[in-house]
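For reference, the chains in residue letters:
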Amino acid sequence: MEAICSRIIPEDQDAGAIQAGVVHFIDTQLTGFYKPLQKTYRLGIAAIDQTSVRSAGKKFADLPPDSQIALLEHIQQDADLKPFFNLLVDHCMQGFYGDPRHGGNRDRVSWKMLGVPYPPVRGRLRYDFTDPSKGEKPWL
Amino acid sequence: MALKRVNAVIIGAGAGGGVVAKELAEAGLSVVLLERGKWYSAFDCRKDDLRNQRTCVLGNAFGPDDDRNPRVAVDLQGHERVVRASGPEYNNNAACVGGGTFSYGAMAWRYMEKDFRMRTTYGHIPGSTLADWPITYDDLEPYYEKAEWEIGVSGDVSADPFHGPRRKPLPMPPLPSNREYQILHPAAKRLGLHPFDLPMLRNSVPYNGRPGCMRCRWCVGFACEVDAKCGTHNTVIPKALATKNCELRTECVVKEIVTNDRGRATGVAYFDADNRLQQQDADLVVVSCGAIESARLLLNSKSKLFPNGLGNRHDWVGRNLQGHTYTGAFGLMPTDIYDDLGPGASIAICDYNHGNPGLTGGAMLCNEFIRLPYQFVAMVPAGVPRWGKAHKDFMRNTYRRAIAVQGPTQEMPVFDSHVQVDPIVRDFWGIPVARLSGGKHPHTIEVSAVMARKAEAWLKEAGAEQTWLKLSGPGLSAGQHQAGTCRMGDDPTTSVVNRYCQVHDIDNLFVIDASVHVNNGGFNPVLTIMAIAYRASEHLVKQSKGAGLS
Chain A
1 MEAICSRIIP EDQDAGAIQA GVVHFIDTQL TGFYKPLQKT YRLGIAAIDQ TSVRSAGKKF
61 ADLPPDSQIA LLEHIQQDAD LKPFFNLLVD HCMQGFYGDP RHGGNRDRVS WKMLGVPYPP
121 VRGRLRYDFT DPSKGEKPWL
Chain B
1 MALKRVNAVI IGAGAGGGVV AKELAEAGLS VVLLERGKWY SAFDCRKDDL RNQRTCVLGN
61 AFGPDDDRNP RVAVDLQGHE RVVRASGPEY NNNAACVGGG TFSYGAMAWR YMEKDFRMRT
121 TYGHIPGSTL ADWPITYDDL EPYYEKAEWE IGVSGDVSAD PFHGPRRKPL PMPPLPSNRE
181 YQILHPAAKR LGLHPFDLPM LRNSVPYNGR PGCMRCRWCV GFACEVDAKC GTHNTVIPKA
241 LATKNCELRT ECVVKEIVTN DRGRATGVAY FDADNRLQQQ DADLVVVSCG AIESARLLLN
301 SKSKLFPNGL GNRHDWVGRN LQGHTYTGAF GLMPTDIYDD LGPGASIAIC DYNHGNPGLT
361 GGAMLCNEFI RLPYQFVAMV PAGVPRWGKA HKDFMRNTYR RAIAVQGPTQ EMPVFDSHVQ
421 VDPIVRDFWG IPVARLSGGK HPHTIEVSAV MARKAEAWLK EAGAEQTWLK LSGPGLSAGQ
481 HQAGTCRMGD DPTTSVVNRY CQVHDIDNLF VIDASVHVNN GGFNPVLTIM AIAYRASEHL
541 VKQSKGAGLS
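Protein chains in written order, with the numbering used here: chain A, 1 to 140; chain B, 1 to 550.
It should be emphasised that the hints constitute simulated quantities derived from the structure, not laboratory data.
Any given hint could turn out to be false.
In silico DSBU-like links for lysine-lysine, alpha-carbon gap of 30 Å or less [as the list claims (entries may be wrong)]:
{"no.": "1", "chain 1": "B", "residue 1": "Lys-189", "chain 2": "B", "residue 2": "Lys-244"}
{"no.": "2", "chain 1": "B", "residue 1": "Lys-470", "chain 2": "A", "residue 2": "Lys-82"}
{"no.": "3", "chain 1": "A", "residue 1": "Lys-35", "chain 2": "B", "residue 2": "Lys-4"}
{"no.": "4", "chain 1": "A", "residue 1": "Lys-59", "chain 2": "B", "residue 2": "Lys-389"}
Using the sequences and the accompanying hints, generate a full structural model.
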């Protein structure tokens with residue numbers, strides 16, 4: 001899955017999905033709000049590997065990056081594989097561009113890339129990183 | 001065991017219910033206000049990009065929860081699915097004290113005079129139930145004013161030549177303009193348009209004992225950390241409670257409205273916060289659950305006299321479900337224009353609400369609230385891939401250069417876009433869930449596409465080096481602007497309530513929320529909901545005093 005995510009949001013002059021902890025985000029949510037999707041993920045990742053072996057003779061992670069990209073571009077047109085791939089893209093985006101409290105966007109790397117100002121409100125340093133699912137309340 | 005009888009039980013502490021609670025309580029009636037959700041506050045401001053009422057990929061921040069509150073959605077091909085409350089086809093608004101007003105973007109619009117006379121103005125639209133309201137803008141004007149001053153609206157509409165007559169200005173000045181405003185304003189003037197400062201239910205200065213806006217980037221969908229955003233939860237509901245005549249009971253889910261064999265409402269049966277079934281008797285019942293849930297409740301309140309539900313003798317309950325068709329455009333400016341000065345939405349034009357050649361109605365157009373990074377991910381133009389290096393490049397290069405202009409196109413109501421109750425699926429409390437089906441009228445799509453082009457033209461004039469459109473699909477519209485399901489009308493065979501929101505069949509049952517809207521204007525509906533609630537409450541109080549109730 002790391003290999004797929006690193007093609008969805010690659011590293012370049014800025015961090016990519018792996019450096020930002022997108023996989024950690026997905027793993028965290030698969031034991032939380034996305035728990036009902038565990039089977040979807042298992043089957044979806046397996047299907048991508050199967051497709052990879054069938055068309056290129058190797059599992060996805062063993063292919064060179066260009067072949068990986070080409071395979072994913074093929075998959076996003078495939079009626080059977082498309083739904084899982086679109087879901088994974090969306091989750092990568094959440095884990096990369098979303099709030100760090102959910103396990104991704106380590107050190108706010110995507111927000112730094114975009115130039116989102118910090119501190120978040122002029123004159124206010126406080127930023128809420130509390131996790132409501134753990135019963136935490138923001139301090140004021 | 002029945003609870004102590006009260007004068008009025010109000011179901012739903014949202015935009016409509018909150019106003020009614022205060023008006024009745026201040027008039028001396030005893031009121032029970034039931035709310036299925038919780039009472040959140042400024043302390044519940046999380047600034048969580050992935051879990052808020054607008055972006056709810058990790059759940060609805062302010063209700064309802066997925067586990068206990070499914071619905072059934074039927075698509076245009078007739079396929080039906082059980083849908084989660086935080087999912088895209090659910091058409092959620094909120095479930096909490098304040099309802100949508102707790103976390104909304106708070107645009108505060110009066111509908112225009114023509115919005116109440118759409119049939120007279122535009123004629124019959126084949127395939128649509130477009131009709132005139134039984135009341136006019138003039139009927140509602142004093143109550144619009146009351147809502148603006150009592151709940152609190154900031155802005156400046158003096159430069160808008162299209163709005164209806166008004167006796168008083170807005171109580172608060174607009175927020176100081178942001179950079180998008182400064183870019184879009186001269187461009188609109190050059191095009192011969194009439195731009196002005198968006199009216200918003202948001203304190204721009206200290207008002208009503210709460211501070212002014214702190215200009216953060218988390219507004220629409222979020223609780224306000226400083227309580228500057230005005231909703232019924234921090235204005236009229238506390239006033240209602242202060243009278244000591246009103247009791248608010250949260251986490252109470254109404255199962256049905258109880259009626260007797262003389263065809264009058266006697267109260268409600270509801271599950272309290274411990275899921276025990278309770279009976280609250282009342283002299284009158286007010287339904288303010290929002291267009292989808294109000295219709296659902298009426299349909300679920302069956303009896304021998306009302307086998308198809310309350311107010312539904314002619315099959316108009318649940319019909320004409322509508323929202324707004326949001327379309328618009330994005331413009332890429334040649335330079336960085338992002339100033340992080342919230343709420344972001346600041347400038348509007350009403351030049352295209354009416355008078356569009358060959359079109360019925362139109363939309364107000366305004367710039368959008370600040371786009372948070374994850375929200376912007378899906379806003380890339382059609383030619384840009386949705387993932388990979390190209391997508392990342394686009395995000396990096398454009399995030400601080402993009403302006404979005406869009407507007408709520410007024411929809412042609414469709415009889416078969418409607419709310420029913422599902423014959424099989426039930427919620428956690430065993431109550432049949434709402435079943436949504438239907439789609440948009442083709443002319444709505446047509447008008448909305450023209451509105452998108454107008455937005456694009458504005459952005460081009462403002463100097464956008466690249467523009468792309470946001471258009472709408474044909475599917476059902478409801479969501480946060482849901483309306484229309486218990487239409488107001490003089491004729492009981494083609495409406496559910498009369499001009500005072502009284503159900504035609506049942507003189508002590510009222511629906512006071514956007515369900516009663518005949519059509520929804522080309523504007524966010526909340527101020528109209530509040531104005532109708534003030535007006536209906538005034539009539540209710542007169543009627544109750546006449547009956548010697550308080």
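These are the hints, each one checked on the structure:
1. B:Lys-189 x B:Lys-244: The given pair, whose Cα atoms are some 52 Å apart, is violated under the 30 Å limit.
2. B:Lys-470 x A:Lys-82: Holds, at about 23 Å.
3. A:Lys-35 x B:Lys-4: 44 Å, violated
4. A:Lys-59 x B:Lys-389: 22 Å, holds
Comparing the model with each numbered hint stated earlier shows that hints 1, 3 do not hold.
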